[in-house]
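Use the sequences and the hints to build the structure in full.
One-letter residues, chain by chain:
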Amino acid sequence: GQQLNQSPQSMFIQEGEDVSMNCTSSSIFNTWLWYKQEPGEGPVLLIALYKAGELTSNGRLTAQFGITRKDSFLNISASIPSDVGIYFCAGRIQGAQKLVFGQGTRLTINP
Amino acid sequence: DTGVSQDPRHKITKRGQNVTFRCDPISEHNRLYWYRQTLGQGPEFLTYFQNEAQLEKSRLLSDRFSAERPKGSFSTLEIQRTEQGDSAMYLCASSHGGNRGFVAFFGQGTRLTVV
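As they're listed, the protein sequences go chains A and B.
Position 76 of the first sequence, counting from 1, maps to 77 under my numbering, and the rest follow consecutively.
Position 49 of the second sequence, counting from 1, maps to 444 under my numbering, and the rest follow consecutively.
I should point out that these hints are in silico values taken from the structure, not numbers from a laboratory.
Be a bit skeptical, because a hint or two may be false.
Claimed, not checked - Lysine-lysine pairs mimicking DSSO-like chemistry, simulated, CA-CA at most 27 Å apart: (1) A:LYS99 / B:LYS452; (2) A:LYS99 / B:LYS466; (3) B:LYS452 / B:LYS406.
Here the structure is a predicted model, which means the values were calculated and not measured.
Below is the structure:
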């Protein structure tokens with residue numbers, strides 16, 4: 002089945018640093034979504050991307066839908082303590098209703 | 396609060412018992428999904444409803460699992476004869492129809508522990 006490879010698996014950064022994470026796949030996706038999950042909670046939608054090349058921002062977050070439709074990245078600028086959590090990419094192939102998730106990137110911020 | 400609501404938030408059960416979880420989607424959403432998430436992994440798709448019709452089921456959904464959405468509103472997920480391997484977070488999500496109807500909004504999940 003389709004798989005998403007998300008990297009890095011974990012990041013340890015200083016407050017104020019910028020963060021970059023990405024997802025790649027061998028399959029072509031029609032939609033890319035980025036979620037954030039905190040312990041004991043469900044994933045919360047951050048950004049949705051709908052077409053190749055699309056670049057979308059949500060505050061300090063910026064995400065792009067890769068031109069090949071097989072990858073996406075998420076950047077967080079000027080990280081703050083509340084950015085701590087696990088970030089998941091999720092993709093949908095054409096004709097499917099389900100989302101396929103990456104393994105997550107765990108973000109830890111040192112004050 | 397008009398988000399996706401799941402009940403209970405936590406459930407501890409003995410192996411072999413049956414459990415049932417409930418999901419109330421966002422009211423105007425006609426699509427409802429169940430996912431399962433184990434520790435350190437991303438959510439994995441279990442099943443999908445459009446209105447009351449169950450349109451897709453994953454191979455992960457063994458015959459001990461059954462999901463319903465009788466009136467196209469809330470949904471239930473039942474696990475019969477629970478096993479320790481069923482321990483996981485069970486997530487419900489909903490979305491509306493249309494070109495961007497697959498953008499799913501998740502509930503807070505039900506954490507199941509089978510002892």
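Contradicted hints - numbers only: none
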